[in-house]
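Participant: Sequence:
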Amino acid sequence: MTDRLYLVDASIYFFRAFYSMPDNFTDVDGRSVNGVYGYAGFLAELVEKDISPVSFAFDESLTTCYRNTIYPAYKANRELPDENIKYQLAQCQRITSLLGFHSTVLEDYEADDIIGTLARGWREVHPETSRITIITRDKDLGQLLETGDSLWDYASDTHTDSDALEAKFGIRPEQLADYLALAGDAVDNIPGATGIGAKTAARLLQFAGNLEALLSSPEMVADSGIRGATKIIATLSEQAEEIRTYRRITSIHQQAPVTWKPEDFHRSDVDSRALGRFCDDMRFGMRLRERLMSAV
Numbered sequence: 031m032t033d034r035l036y037l038v039d040a041s042i043y044f045f046r047a048f049y050s051m052p053d054n055f056t057d058v059d060g061r062s063v064n065g066v067y068g069y070a071g072f073l074a075e076l077v078e079k080d081i082s083p084v085s086f087a088f089d090e091s092l093t094t095c096y097r098n099t100i101y102p103a104y105k106a107n108r109e110l111p112d113e114n115i116k117y118q119l120a121q122c123q124r125i126t127s128l129l130g131f132h133s134t135v136l137e138d139y140e141a142d143d144i145i146g147t148l149a150r151g152w153r154e155v156h157p158e159t160s161r162i163t164i165i166t167r168d169k170d171l172g173q174l175l176e177t178g179d180s181l182w183d184y185a186s187d188t189h190t191d192s193d194a195l196e197a198k199f200g201i202r203p204e205q206l207a208d209y210l211a212l213a214g215d216a217v218d219n220i221p222g223a224t225g226i227g228a229k230t231a232a233r234l235l236q237f238a239g240n241l242e243a244l245l246s247s248p249e250m251v252a253d254s255g256i257r258g259a260t261k262i263i264a265t266l267s268e269q270a271e272e273i274r275t276y277r278r279i280t281s282i283h284q285q286a287p288v289t290w291k292p293e294d295f296h297r298s299d300v301d302s303r304a305l306g307r308f309c310d311d312m313r314f315g316m317r318l319r320e321r322l323m324s325a326v
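In the numbering used here, each residue's number is its place in the sequence shown (first place is 1) plus 30.
Rather than coming from a laboratory, the hints here were simulated on the basis of the structure. The model shown is predicted, which means the values in this text are computed figures rather than measured ones. Misleading hints may appear alongside valid ones.
Below, in silico cross-link-like pairs of lysine-lysine (DSBU-like), each with a Cα-Cα straight-line distance of 30 Å or less [stated by the list, open to error]:
no., residue 1, residue 2
1, Lys105, Lys116
2, Lys105, Lys229
3, Lys198, Lys116
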């Protein structure tokens, strides 16, 4: 018997809808709600599939995350959400709650950290039988994978377990934060070590096992058989502190201040009137409204 918990990287599915759906869905006040409309459809599917136990994690920390204190350039390449995006995200959080789902948003921590914290807590409650499925398109969450766990890209219905991640990147899940610190991550504005790309980063970690071993004894690379070893040794020596900083921000925090109990992950009762009013306010079409109301 296994105890599987589903953890949803919710903001990703809002933004997928926001950027893919036409901007002609409006609420009763004329505000654009295309992202809410698409996200609500995603929630309706999860209800219909009876995904449980489950919890949702939202992002509201683009400039306030603790990582920005460590490295101010973190995600500085991204545009700040405008007022409409903020409004739509708030409505997504609202309908998640109205449908009885547990959700969390924190000012100082990202959705990844919320998911990491809940995954760790679930494993402590079910030390022998826990399994985690993370519904996401974010590769960074791969560092949380253990035996029997998976990343579920819901849109493409593909599952990635630890073996698939290793086949794709050449590293084990527990090496992913090290890998991103070395190779960099343009999406999050993390430059990585100069001249060390994805393939070289993977080979270095295959050879040394972990990043700290490389930074503590960079001369070991001379015995690795990796091309350009002399230059790599110099880079690791000269940029060790910067790379350690990158490692602090690529690592998922697993002790965020999240309040939960195991029973929270089962849907609570739905207030049909409140849900109906929300559907009215968002001017949802009849088909979507019926699907959502079936959750009552």
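Participant: Hint by hint, say whether it matches the structure.
Facilitator: Cross-check of the supplied hints:
Restraint check for Lys105 and Lys116: the C-alpha separation of about 18 Å stays at or below 30 Å, so the hint holds. This hinted pair checks out: Lys105 and Lys229 have alpha carbons roughly 23 Å apart, not beyond 30 Å. Among the hinted pairs, Lys198 with Lys116 is inconsistent with the structure: their alpha-carbon atoms are about 35 Å apart, more than 30 Å.
Of the numbered hints listed earlier, the single one contradicted by the structure is hint 3.
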